[in-house]
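Asks: Since the structure of chain C is provided, determine the placement of chain X on it from the hints.
Protein chains: 2
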Amino acid sequence: MSKVTREIDLYKKLLEKYKEIVLLNSIEMNIYWDMDTYMPEKGVEQRSEELAIISGLIHGKTIDPEIGALLKEIKANENYEKLTPVEKRNIYLFQRDYDRNTKIPKELVEAISKQSALGNSIWKKAFAESDYELFKPELIKIFELMKKLANFLDPTKDPYDVLLDLNEPGFTREIVDGLFDELRDGLKPLIKAIVNSPKQPDYSLIERACPKDTQEKLSEELAKVTNYDLNAGRIDETVHPFTTGYYDDVRVTTNYHLDDFSSSFFSVLHEIGHALYEQYLPQKHKYQPIGYSCSDGFHESQSRFIENFIGRSSEFWQYFLPKLKAITGGIFEDVELDPFVRAINRVIPSKIRVEADPVTYSMHVIIRHEIEKDLFAGKISFDDLPQIWNSKMKEYLGVDIENDAEGLLQDVHWSGGGFSSFPSYAIGNIIDGQLLWKMDQEIPDWRKDMQKGGLNKVIDWLKTKVHQMGNLYDPLELVKKITGEELSTKYYLNYLRKEYSKIYELK
Amino acid sequence: MSKVTREIDLYKKLLEKYKEIVLLNSIEMNIYWDMDTYMPEKGVEQRSEELAIISGLIHGKTIDPEIGALLKEIKANENYEKLTPVEKRNIYLFQRDYDRNTKIPKELVEAISKQSALGNSIWKKAFAESDYELFKPELIKIFELMKKLANFLDPTKDPYDVLLDLNEPGFTREIVDGLFDELRDGLKPLIKAIVNSPKQPDYSLIERACPKDTQEKLSEELAKVTNYDLNAGRIDETVHPFTTGYYDDVRVTTNYHLDDFSSSFFSVLHEIGHALYEQYLPQKHKYQPIGYSCSDGFHESQSRFIENFIGRSSEFWQYFLPKLKAITGGIFEDVELDPFVRAINRVIPSKIRVEADPVTYSMHVIIRHEIEKDLFAGKISFDDLPQIWNSKMKEYLGVDIENDAEGLLQDVHWSGGGFSSFPSYAIGNIIDGQLLWKMDQEIPDWRKDMQKGGLNKVIDWLKTKVHQMGNLYDPLELVKKITGEELSTKYYLNYLRKEYSKIYELK
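As you go down the protein sequences, you meet chains C and X in turn. Reading the first sequence from the start, the letters are residues 135 to 641 in our numbering. Reading the second sequence from the start, the letters are residues 135 to 641 in our numbering.
Isolated chain C (complex conformation) (with noise of 0.2 angstroms):
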């Protein structure tokens, strides 16, 4: 066997031993998936013990030796430099992945496991009792897990940064802070605006009885329109909406409101602008490591720029709204374009993240994202964490918080360890802000096809400066490679000036 051949059979089975990571990963999201949409409640016992066998068995396969002789084999062998630079993305992706998976002892991922569940619930009951102190043991015992697994991946940088490089690989708190700050303090005047705006959107014309079956008619619809491929994924219903699946059977999850069709309609469109990015991966890097999204920030762009770019467009509504009349069959006969589309762009300072409009949904993750840091930096306590939270949320967004369940405990995240992934959120805001100007310079008559309902030319755009580049570059990088420049929130920024100025009628 020559020395050529034996390096490709290396590298052969390298990718075979990651084939079966992504299967059993693809199984996994699928049981998670039926768990919650059709699983009938009994079943959750059994089924968590079937996710326990699953998910401690993806984790040995990833902790496999073998990986790790295989990569260090591959690396020392003299035709290396031969392999073109998507085989060697390729294997430094594995190696990361394979790198941090070993250098966890198996004892805290047990004991970060074991907590997440036991945090989870009690955060449920925390949650529900709105009482913090409640909590409070349990996010400081995960708060010190996490720090200790940052320390394991890599004792010699800040381990908030460790974590951050999980989610956004490349980003630091650094960069993230330099964004965050230009975005809060480029926010805060546009927010203030827009609330002492005398033009206030009327809502009314979008909170009217719609029944089930029409919503649903609208989200197939929908799948329609943005080339969301039926055949390739499904949409169903759960209680909080998501998108899982891999390529050829990507899912989306809605949550139907009688009374406002709007809450559905926005989360259907969030959630194809995910699964439309599984689906568009490179099929040729299909079972590899590039063969996935670029990072959680860039999945939220993807997501992002589908619901508000897009959806909340006055061109797309130009298309939509007498489709939307159409299916509803009168509800919305009388309603007229520009009002409607005010009200879907309605802006209002509140409480809750996930509820929160475009534009103030950004100052919901730059709280949490401050708090954060001031946490691990050791400049806060946990003690003053609702206070801290209640502040900022005063001071950023003129809210007042009147109970730790419209505040600091509203998200889930914490309490599994879950520090560092709220970035991503806003991050996926700057990201989409930056593509919008590329995007307008590339294709400018996008905006027009758009009004004849061709959303061809954006989704294709999206496809192939986004979706079929996999996981070839870290996000700073792929931002640069697409548009040229650094990322930055000027072009956001903008977006949001430009486009609320029109609605609320700012000078």
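FYI, nobody ran anything at the bench for these hints, they're computed from the structure. Only a predicted model underlies this, so the values are computations on that prediction, with no experimental measurement involved. Some hints could be false.
Stated by the list, open to error - Computed, partial: chain C to chain X, Cβ under 8 angstroms: (1) Ile187; (2) Leu364; (3) Gly367.
Even for Gly, the Cβ is constructed at its ideal location relative to N, Cα and C.
Replies: Just chain X now, with coordinates in the frame of chain C:
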């Protein structure tokens, strides 16, 4: 550590090993269910890869040498005799499975799996083109592989007996022959008398347009009436109805025919019969070898008891006909009890097993068995199978088979090596007759209760006598345990003669 403690530890460890296998099987069942119900069509390729990997993992777990070592150590331990019969049964069953799994070389497992996939796809083609010659080479290949498998399992026994024992432990060809000869000889004159009876039912009472959502409501009502717990189950649509699941998550599927509600109605009852068995298995033995059903034949006895003995009885319809009328809103308003019950008990010798009525059904199975055993005995040639099939159909049922698709090729089983799996279908009927005889003695008023919708008594009886026994006994033992007698066809034949003499007014 004392020796008793050590013994208990080993037993516990053994059961933990078993639980892992059960959980992985349960995951596999769920992703199969998904594939047959909600999976988008393009997902099939990645799903088949998922199924390959999970079945490989399961196989690996079942041949884990640690299981063999544990079993050996437990049995050699001086405290082995102190174990309870239940514990010993668990050990016996696990040993039996382990021996089976380890005796078969990996290459043979793979060859069978490969040939099954190939054979299945060629069977589909042959079935569509009604061309046995196309399928014949594949049939011969899988037949030889299955004989090989039987030889690895037990070279001292007749291969057919070895394979039969996998489905119906304790049964032999001799036993099946004895039962089936009696059954065939008993059915022949009965079928003849029925066919010649001048009192033929009016099936047009059934064949009326009935919309899907109405039939769905009927399915839900059937769940309620039979105590099929929908908090631990579901009813969904599929192409070929089946039941799948384990204990607290057991799902049935059906296929609605808009011009004949009875097709799905009895199919749902049938599947509910299977589902009740799984839902009512002994909770304390969940995840243990004895926490499974007794055999395929016993499973079939439960489905067919609910479908036929209950679902086609005059007493059941005394209660359910008004319900049917109410739920279907006018469609069956004019229908009267007696002609309706005759119609749903219509007996027509026909070509397709799965569409056969309760009386002629067993004949299809008997014909298949007679051919299978002669094949294994080398008495007949693969070249002659279609003619043999067709002439037996003519002889036993008076039916003229015009092509292979409606004849020998109608069932998929053989393409995957499922020889010897057919007898269970008719064994279920035979068991049912004997259960009914005992039930009539022990709870004589169950039919009277049923007239008022009271199915609790009969379901509870089945639950206590059959479901709760799990896999404590092999099927022939369980029959004797429940009824006090050896399995015999006389009770089933008596039942058929009595019921259908009434319906067809035979003298």
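Asks: Does each hint fit the structure? Answer for all of them.
Replies: Consistency of the hints with the structure:
Below 8 angstroms, beta-carbon pairs count as interface contacts, and Ile187 of chain C has one with chain X at about 5 angstroms; its hint therefore holds. Contact between Leu364 of chain C and chain X, as hinted, is supported at the beta carbon level, the nearest pair being about 7 angstroms apart and thus within 8 angstroms. At its closest, the beta carbon of Gly367 of chain C sits 6 angstroms from a beta carbon of chain X; the interface hint therefore holds under the 8 angstroms criterion.
Hint check: no violations occur; every hint is consistent with the structure.
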